[in-house]
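Residues 1 to 403, numbered by the numbering used here, are exactly what the sequence shown covers, in order.
Source of the hints: derived by calculation from the structure; they are not laboratory data.
Remember, predicted model here, so these are calculated numbers, not experimental data.
Where hints are given, some of them may not hold.
What the hints assert, rightly or not - Derived Cβ-Cβ restraints for the label pairs, each shown as a range:
#, residue 1, residue 2, range
1, R303, I82, 40 to 50 Å
2, A357, R15, 36 to 46 Å
3, V70, A300, 36 to 46 Å
4, G219, V293, 40 to 50 Å
5, T110, I296, 41 to 51 Å
6, I82, N367, 22 to 32 Å
7, G250, E54, 34 to 44 Å
8, I82, A300, 23 to 33 Å
9, G20, D48, 37 to 47 Å
10, T139, V56, 18 to 28 Å
11, G248, L220, 20 to 30 Å
Glycine included, every Cβ here is placed at the ideal spot set by N, Cα and C.
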Amino acid sequence: MNPGISSAATTAAPREPAWGAVFAMTLGVFGLVTAEFLPASLLTPMADGLGVTEGVAGQAVTATATVALVTSLLISALTRTIDRRRVLLAFSMLLVASNLAVAFAPNLTTLLIGRVVLGVALGGFWTMATATAMRLVPTAMVPRALSIIFSGVAVATIASAPMGSYFGHLIGWRNVFLIAAGLGGIAFVSQVMTLPSMPPSGTTRLRTLVDVLRRPTVGLGMFATILVFTGHFAFFTYLRPFLEQVAGVGVNGLSAILLGYGIANFVGTSLAGRVLEHRLRPMLIGMPALMVVLGIALVALGRAPMIDAVLVALWGMAFGGVPVAWSTWVTRTVPDEAESAGGLIVAAIQLAIATGAAAGGVVFDANGAGGVFLGAAAVLAVAVATIVTGVPKRVGVATALAE
């Protein structure tokens with residue numbers, strides 16, 4: 001081991017797994033992602049209730065994503081002297097406070113403040129999730145722990161939009177955010193009961209982000225991450241127009257296909273943990289490679305709704321393992337600065353969301369949804385080539401720290 005690197009992060013792994021704490025982290029992730037996605041299903045009643053247009057109300061999503069990106073880059077340095085248990089509990093408290101602020105917001109300004117607070121919680125919690133998993137379970141079980149934590153994302157993705165829409169119609173959008181606050185409260189209590197003390201082990205500064213990026217393979221890995229997520233979000237953002245305009249899928253069929261995607265995504269996330277324990281690099285390559293094939297197949301065969309349903313579900317399963325795989329890559333490549341690297345991953349994903357949606361919009365206007373899918377496939381193919389050439393066959397800290 002490089003003597004200039006603190007070993008604290010690598011020696012912090014316990015002998016026995018703290019699965020209760022892992023599931024408490026999962027509840028936190030579920031609450032955060034649910035809160036992030038709720039405005040998408042409640043935009044019209046929120047706009048009506050606040051007396052603004054839907055476009056203006058939609059800035060609730062933009063505010064959260066923007067603040068999450070900035071927070072992910074700064075939070076490790078700003079909290080470097082604080083016990084990680086206290087920091088994570090603070091983020092869960094912010095989750096509750098955010099939802100309460102939105103639920104009782106008398107105007108748009110108050111609502112946006114609440115969504116900014118959510119961005120801090122979201123960016124901070126995500127940044128520390130990978131490093132926390134490394135301190136809750138033995139090293140060999142980290143991929144499994146990450147797959148459990150990320151399953152909270154898959155469940156929230158499946159449940160938040162339909163449940164938000166249903167309960168919003170039944171009890172009003174403000175009460176939906178009160179329910180979300182309750183979910184955050186449950187996550188907070190479970191974390192109080194299960195999370196162990198985790199004294200800060202690193203010496204993270206803002207400069208650390210640059211130092212991590214300069215390590216061999218890390219910069220290319222982050223670039224590949226951006227490409228994979230950009231390709232996915234370009235595809236997913238314009239999936240509905242493709243199904244409606246090309247395949248002629250109606251509302252019921254669309255709901256069924258998206259539900260199938262969500263379930264398959266959850267399955268992919270759940271299976272990834274066990275496979276990644278021994279097959280990290282093949283998974284990093286294989287998942288985007290499969291997505292390339294599926295994107296092309298959808299363009300070629302996309303007029304048949306049943307075929308679309310199968311291909312979209314396979315895409316969901318393939319992508320389900322992607323966040324787990326790259327988080328596992330961080331734990332093996334940069335274990336001594338997992339928080340900083342985790343922040344870079346979160347920032348890369350937020351950038352990819354914006355890039356995929358924006359670039360996809362330009363292509364969609366010029367060439368339709370089929371053009372977007374082919375463009376996404378091309379971006380994913382570049383990602384595969386980057387991983388093949390830039391990620392060594394034996395992924396590990398020795399490679400990352402090699403001079």
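Against the structure, the hints come out as follows:
1. R303 to I82: 40 to 50 Å: violated, 56 Å
2. A357 to R15: 36 to 46 Å: holds, 44 Å
3. V70 to A300: 36 to 46 Å: Once the Cβ atoms are compared, 41 Å apart, the range 36 to 46 Å for A300 and V70 holds.
4. G219 to V293: 40 to 50 Å: Taking Cβ atoms as reference, G219 and V293 lie about 28 Å apart, which means the hint is violated.
5. T110 to I296: 41 to 51 Å: With a Cβ separation near 47 Å, T110 and I296 satisfy 41 to 51 Å, so the hint holds.
6. I82 to N367: 22 to 32 Å: violated, 50 Å
7. G250 to E54: 34 to 44 Å: violated, 23 Å
8. I82 to A300: 23 to 33 Å: violated, 53 Å
9. G20 to D48: 37 to 47 Å: At 42 Å between Cβs, range holds.
10. T139 to V56: 18 to 28 Å: Given a distance of about 48 Å, which is not inside 18 to 28 Å, the answer is violated.
11. G248 to L220: 20 to 30 Å: violated, 42 Å
Going down the numbered hints, you'll see the structure goes against 1, 4, 6, 7, 8, 10, 11, while the others check out.
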